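*Asks:* In order, the protein sequences belong to chains A and B. Our numbering numbers the first residue of the first sequence as 881 and each following residue consecutively. Our numbering numbers the first residue of the second sequence as 881 and each following residue consecutively.
By construction, these hints were calculated from the structure, which means they are not laboratory data. Check each hint, because a few of them may be wrong.
It does not matter which identical chain is used: a pair holds within one copy or between any two.
In the DSSO-like style, the derived pairs of lysine-lysine whose C-alpha atoms are separated by at most 30 Å in a straight line are [claimed, not checked]:
id : residue 1 : residue 2
1  : 986       : 1093
2  : 1037      : 886
3  : 1093      : 1028
4  : 1093      : 1037
5  : 1028      : 933
This structure is a prediction, so every number in the text was calculated from the model and none was measured.
2 protein chains.
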Amino acid sequence: MLLDGKKISDEVKAELAVEVNKLISSGLRAPHLAAILVGNDGASETYVSSKVKACEQIGFGSTLVRLPADVSEERLLAEIDAINNNDEIDGLIVQLPLPKHINEQKVTDHVVPEKDVDGFHPVNVGKLVLGLPTFVSATPKGIMELLKRYNIETSGKHCVVLGRSNIVGTPMANLLSRNSNPGNCTVTLCHSRTKNLAEFTRSADILVAALGKAEFVTADMVKDGVVVIDVGITRVDDVNNPRGYVLKGDVAFDEVEPKSSFITPVPGGVGRMTIAALLQNTLQARLNSLQTQLIS
Amino acid sequence: MLLDGKKISDEVKAELAVEVNKLISSGLRAPHLAAILVGNDGASETYVSSKVKACEQIGFGSTLVRLPADVSEERLLAEIDAINNNDEIDGLIVQLPLPKHINEQKVTDHVVPEKDVDGFHPVNVGKLVLGLPTFVSATPKGIMELLKRYNIETSGKHCVVLGRSNIVGTPMANLLSRNSNPGNCTVTLCHSRTKNLAEFTRSADILVAALGKAEFVTADMVKDGVVVIDVGITRVDDVNNPRGYVLKGDVAFDEVEPKSSFITPVPGGVGRMTIAALLQNTLQARLNSLQTQLIS
Chain A
881 MLLDGKKISD EVKAELAVEV NKLISSGLRA PHLAAILVGN DGASETYVSS
931 KVKACEQIGF GSTLVRLPAD VSEERLLAEI DAINNNDEID GLIVQLPLPK
981 HINEQKVTDH VVPEKDVDGF HPVNVGKLVL GLPTFVSATP KGIMELLKRY
1031 NIETSGKHCV VLGRSNIVGT PMANLLSRNS NPGNCTVTLC HSRTKNLAEF
1081 TRSADILVAA LGKAEFVTAD MVKDGVVVID VGITRVDDVN NPRGYVLKGD
1131 VAFDEVEPKS SFITPVPGGV GRMTIAALLQ NTLQARLNSL QTQLIS
Chain B
881 MLLDGKKISD EVKAELAVEV NKLISSGLRA PHLAAILVGN DGASETYVSS
931 KVKACEQIGF GSTLVRLPAD VSEERLLAEI DAINNNDEID GLIVQLPLPK
981 HINEQKVTDH VVPEKDVDGF HPVNVGKLVL GLPTFVSATP KGIMELLKRY
1031 NIETSGKHCV VLGRSNIVGT PMANLLSRNS NPGNCTVTLC HSRTKNLAEF
1081 TRSADILVAA LGKAEFVTAD MVKDGVVVID VGITRVDDVN NPRGYVLKGD
1131 VAFDEVEPKS SFITPVPGGV GRMTIAALLQ NTLQARLNSL QTQLIS
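Please work from the sequences and hints to get the whole structure.
*Replies:* The structure is reproduced here in structure tokens:
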């Protein structure tokens, strides 16, 4: 069965639009997301414009700050400061990757945790691991939402995560290990140094593929009934496609799908949920700041 | 072969004593650790006094703040503030567990990250997960040191961690998954909801037992040549012992040892390393503050 990221993300967005209306009819402003885009990498342009468009769809405010590829780190940090201090903006994302002359960690650390709706700041990463309320980074949060809305049983299941990135693999492993629902999985985190990878993947009840290698997971690597979450999204050249490429996941969908009980398509799976989760975090940031105003 | 925590922790402490002498001969003060002990739980008394004694052994300064079991949260937070603001103190630990009327998370969050040598503050937990320099909490850090000093190969090995606590199991899983040495393990994190636990433990090249159940891991649960790290330390009643109890690890040592390539004893294994690691963190805190003074 398809885990339909498009359908579920549309549901989430409809729910968020209702929340926006509630705020506005109470005389309060809508949530507002700011994005900083440095340079004009094709994929980054696409991601940022999807996010801005999604904001517009559901009535969120949005600001896009464009900076040239040769912008100084100092100037970028100053832009972040301005947004950190702007009470009309609830959430701030800096689209990654950044040019090599800029220290990404320094930039990530510079966004105040209260507006860090990407969940990249160390304090937010720590809260995720500790099970405290925080902004869970968008891709893992979107995957958790998908598992939840399809009522997929995770407790006691063996979940194998492929890829240990800071933004997907590692937080997924931490989230699914926790005593929560979804959660309570026995999690194995695999990566480039893993030996006998297929032995691990074949024992997986739930397989999260987040290694960024097109069609890496083949049918012989999974067991019957597996739940497959495909986080990969690689542009593969294709002369027959008017864009010159097609998008491929980390899973060879056509051959793995028949063995699976649930599987996310690419596109229309995890990517859609990522944007929905970012919007959920932005609403949360808005509600948090309203609560802070009430208390103080 | 025994992973001798006593021997290695003595080595570490001797190295730290050398660093203390270097500081003093440069006209600088020694590192100083403060501990807050609330109430008088027997095990907590023992742990805190071991830590204070270890400080004295190597020339660190130490302060023990004792508060009654019925101390208010407000008063405890005020004591933390005083130490946070005291330039003569580098590291602060609040011995856990705390009485039920006190919010442990609030207390942990109140220690400034720069003095949080237990590594419990969310920002330090986040840095650990992200692989950034930080105070790694003492037990996981001590275990990493032990693996390192015995030159145990970890890269590509399957490490099974039993127990998902915030202070041992979860940080161990994160540390051993990272691209570092020790590290680069394929890690499976098991816990109370894990099904077919013995299947996981039998596939482990490295087994970290941190679930707090005396002699839980038996010989039939491990494979030949396994490396065993036993974090458990449970008091088991024993009328034949003058203290009325004996200390037991999570591993049935007598039967598992013959199958293992390396194994930590209890006591004399991980516990000793925990204290050594706490002292290393305290030295680091001292050096960090000196560096900050130099820069500013």
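*Asks:* Would you mind marking each hint as holding or not holding in the structure?
*Replies:* Against the structure, the hints come out as follows:
1. 986 with 1093: within (28 Å within a copy, 43 Å between copies)
2. 1037 with 886: Answer is within; shortest intra-copy Cα gap is 26 Å, inter-copy 39 Å.
3. 1093 with 1028: within (27 Å within a copy, 32 Å between copies)
4. 1093 with 1037: Result: close both inside a copy and across copies, 25 Å intra and 23 Å inter.
5. 1028 with 933: Answer is within: at 26 Å inside a copy they meet the 30 Å cutoff, but 50 Å across does not.
Against the hints set out earlier in the document, no violation occurs for any number.
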